[in-house]
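Following the hints, complete the assembly by docking chain R onto the known chain V.
2 protein chains.
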Amino acid sequence: MFERVGVIGVGFMGGSFALACKESAFCKVFGVDINPEAIRKGKELGVIDEGSTRIEDLKEFDTQLVVIATPVRTFYSIGKALREILDESCVVSDIGSVKGHLVYALEDFLGPRFVGAHPIAGTEKAGVENVLKGLYRGKKCIITPTERTDREAKKKVVQLWESFGSLVEEMDPYLHDHVFGAVSHLPHAVAFALMETIEALSQNSVDLFKYPGAGFKDFTRIAASDPVMWRDIFLENSNNLDIAIEAFINAFSRLRRLIKEKREDELTQYLRSASYKRKSLD
Amino acid sequence: MFERVGVIGVGFMGGSFALACKESAFCKVFGVDINPEAIRKGKELGVIDEGSTRIEDLKEFDTQLVVIATPVRTFYSIGKALREILDESCVVSDIGSVKGHLVYALEDFLGPRFVGAHPIAGTEKAGVENVLKGLYRGKKCIITPTERTDREAKKKVVQLWESFGSLVEEMDPYLHDHVFGAVSHLPHAVAFALMETIEALSQNSVDLFKYPGAGFKDFTRIAASDPVMWRDIFLENSNNLDIAIEAFINAFSRLRRLIKEKREDELTQYLRSASYKRKSLD
Numbered sequence: 001m002f003e004r005v006g007v008i009g010v011g012f013m014g015g016s017f018a019l020a021c022k023e024s025a026f027c028k029v030f031g032v033d034i035n036p037e038a039i040r041k042g043k044e045l046g047v048i049d050e051g052s053t054r055i056e057d058l059k060e061f062d063t064q065l066v067v068i069a070t071p072v073r074t075f076y077s078i079g080k081a082l083r084e085i086l087d088e089s090c091v092v093s094d095i096g097s098v099k100g101h102l103v104y105a106l107e108d109f110l111g112p113r114f115v116g117a118h119p120i121a122g123t124e125k126a127g128v129e130n131v132l133k134g135l136y137r138g139k140k141c142i143i144t145p146t147e148r149t150d151r152e153a154k155k156k157v158v159q160l161w162e163s164f165g166s167l168v169e170e171m172d173p174y175l176h177d178h179v180f181g182a183v184s185h186l187p188h189a190v191a192f193a194l195m196e197t198i199e200a201l202s203q204n205s206v207d208l209f210k211y212p213g214a215g216f217k218d219f220t221r222i223a224a225s226d227p228v229m230w231r232d233i234f235l236e237n238s239n240n241l242d243i244a245i246e247a248f249i250n251a252f253s254r255l256r257r258l259i260k261e262k263r264e265d266e267l268t269q270y271l272r273s274a275s276y277k278r279k280s281l282d
Numbered sequence: 001m002f003e004r005v006g007v008i009g010v011g012f013m014g015g016s017f018a019l020a021c022k023e024s025a026f027c028k029v030f031g032v033d034i035n036p037e038a039i040r041k042g043k044e045l046g047v048i049d050e051g052s053t054r055i056e057d058l059k060e061f062d063t064q065l066v067v068i069a070t071p072v073r074t075f076y077s078i079g080k081a082l083r084e085i086l087d088e089s090c091v092v093s094d095i096g097s098v099k100g101h102l103v104y105a106l107e108d109f110l111g112p113r114f115v116g117a118h119p120i121a122g123t124e125k126a127g128v129e130n131v132l133k134g135l136y137r138g139k140k141c142i143i144t145p146t147e148r149t150d151r152e153a154k155k156k157v158v159q160l161w162e163s164f165g166s167l168v169e170e171m172d173p174y175l176h177d178h179v180f181g182a183v184s185h186l187p188h189a190v191a192f193a194l195m196e197t198i199e200a201l202s203q204n205s206v207d208l209f210k211y212p213g214a215g216f217k218d219f220t221r222i223a224a225s226d227p228v229m230w231r232d233i234f235l236e237n238s239n240n241l242d243i244a245i246e247a248f249i250n251a252f253s254r255l256r257r258l259i260k261e262k263r264e265d266e267l268t269q270y271l272r273s274a275s276y277k278r279k280s281l282d
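Chains as they are written, first to last, in our numbering: chain V, 1 to 282; chain R, 1 to 282.
Possibly wrong hints are sitting among the right ones.
Taking lysine to aspartate or glutamate pairs in the EDC-like style, the calculated list, with each CA pair at most 16 Å apart, reads [as the list claims (entries may be wrong)]:
1) V/Lys277 to R/Asp218
2) V/Lys59 to V/Glu84
3) R/Lys277 to V/Asp207
Examples of chain R residues toward chain V, derived with CB under 8 Å [stated by the list, open to error]:
4) Met1
5) Leu86
6) Asp87
7) Ser89
8) Ala182
The set of hints was computed from the structure by calculation and includes no laboratory data.
Glycine residues also receive a C-beta, built at the ideal position from the N, C-alpha and C atoms.
Next comes chain V alone, as it looks inside the complex (with noise of 0.2 Å):
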């Protein structure tokens, strides 16, 4: 598959995905971070073999791929950059949560020999301090390839997530935003909006973070995720989610004028059904 492998962008995401290389497919790694002390940290900690905080640094390193693990918003640049320093055999990929019009900006950049993946997986954490061994191990892993992707370049993406222990499954770039604009970027913009209307309650009362039950703990989770990271997925995916947003406002309104009207026998169906719902997902 690959032996030498480029990451750029050494945190939890991109941390994570070069323990995996290293430990599953056994490639030799480097990173490349603009922060030195995640360098430092990488290789202490036995994520990379070896890094730079210039990404001209791959050059040297002989890369049959690369994979990008910055915040969305840098793709650009990103793609830019390595379309100068990268042997046109050098296969690149991604592990961003947002695909759609990126894939086709990086494919501009790189050629059909770009693929881009999002595995399904990751936590609240970030810093490659909190990188996870296995994080990938039966998790989905979504590929975007175009009509334009390099068949072998794909072949090889997909062995590497599968070596991971990944359920790979392909799907279209804009079919991906549209999807994870539902399922995932909209709870977290949620998470991030109960946060802020808690504190704003607790403005003219008491301390409302001072009880906070098992279920807001769980349920407000995700709000303790990396701020960079999220607002470049909501201001690369802000179409999708903003439908999204509007699906949820309906449905919390329902919900909300059920409620004010007492309309008793609706409000148990409602209920009934989004808890079905959510059991038959366990």
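Just chain R, lined up with the frame of chain V:
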């Protein structure tokens, strides 16, 4: 404290309470439930000692404490029935998630021997078969006495919860509903609405429930909660919940605007503040 306790409603909450009474306070417990299966299972699992589907049968058990553990909208009729059945000396309490006017209604029926309580513990599971041993250990229990509450009755109820390992805290009944309307009832309403949203968005496209990332499952876990229990909570605390919903819609609309208008700095600030607050809860 209490040697003989009656528990009305032998579900997850009432059952876990009954078990705590038996194991931590060495009480004999009589369970009442309209569902004969709950009584049968409760006895079989050793959660209750005796039981009946008829509330009148409590009379013969000679209880010193009766605790109401049914959905909160049933509290009115149960309070009225208990007034006819119980000895004057029997203390009455509850473990409902709504206090405020409900506490005063029960006080009207039962007098100063009623002591409102709300343990901040639970799961999304329902049914006596899911009872949890030690559910209340290390958890807060909010006690909501009024100016009329009998001191001796309150003291005994507090001692009972302390024997379970709970951290007892007193709160005004109306303040309780304001606090938990925000930190508990609002997040549950949001979670139910989120399930409806994903269902609605699935109608015109792929089945979005096929792609539940880890975040989505954690985030919506509370939407699997018992629909009747939550219908009653929402209806009985509708005013506070509506205020919390209004605050949430304001906070969420601001986030939506920042994303739509790509106001990068304010968006970063919004997410950073929410993330920081959530992290500080752990």
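Consistency of the hints with the structure:
Taking the CA atoms of V/Lys277 and R/Asp218, the gap is near 14 Å; set against the 16 Å cutoff, the hint holds. For the given pair, V/Lys59 sits about 10 Å from V/Glu84 by alpha-carbon distance, which is consistent with the 16 Å threshold. Straight-line distance between C-alpha atoms of R/Lys277 and V/Asp207 comes to about 12 Å, which keeps the hinted pair within the 16 Å bound. Restraint check, R/Met1 versus chain V: the minimum CB separation of about 26 Å is more than 8 Å; hint violated.
Given the 8 Å rule on beta carbons, the hint for R/Leu86 is violated: about 29 Å separates it from the nearest Cβ of chain V. Contact between R/Asp87 and chain V, as hinted, is not supported at the beta carbon level, the nearest pair being about 34 Å apart and thus beyond 8 Å. Annotation: R/Ser89 was flagged as interfacial toward chain V, and the flag is violated, the nearest CB pair being 33 Å apart, outside 8 Å. With 8 Å as the threshold, the beta carbon of R/Ala182 comes within range of chain V, its nearest partner Cβ sitting at about 5 Å, so the hint holds.
Taken one by one, the earlier hints fail for this structure at numbers 4, 5, 6, 7, listed in ascending order.
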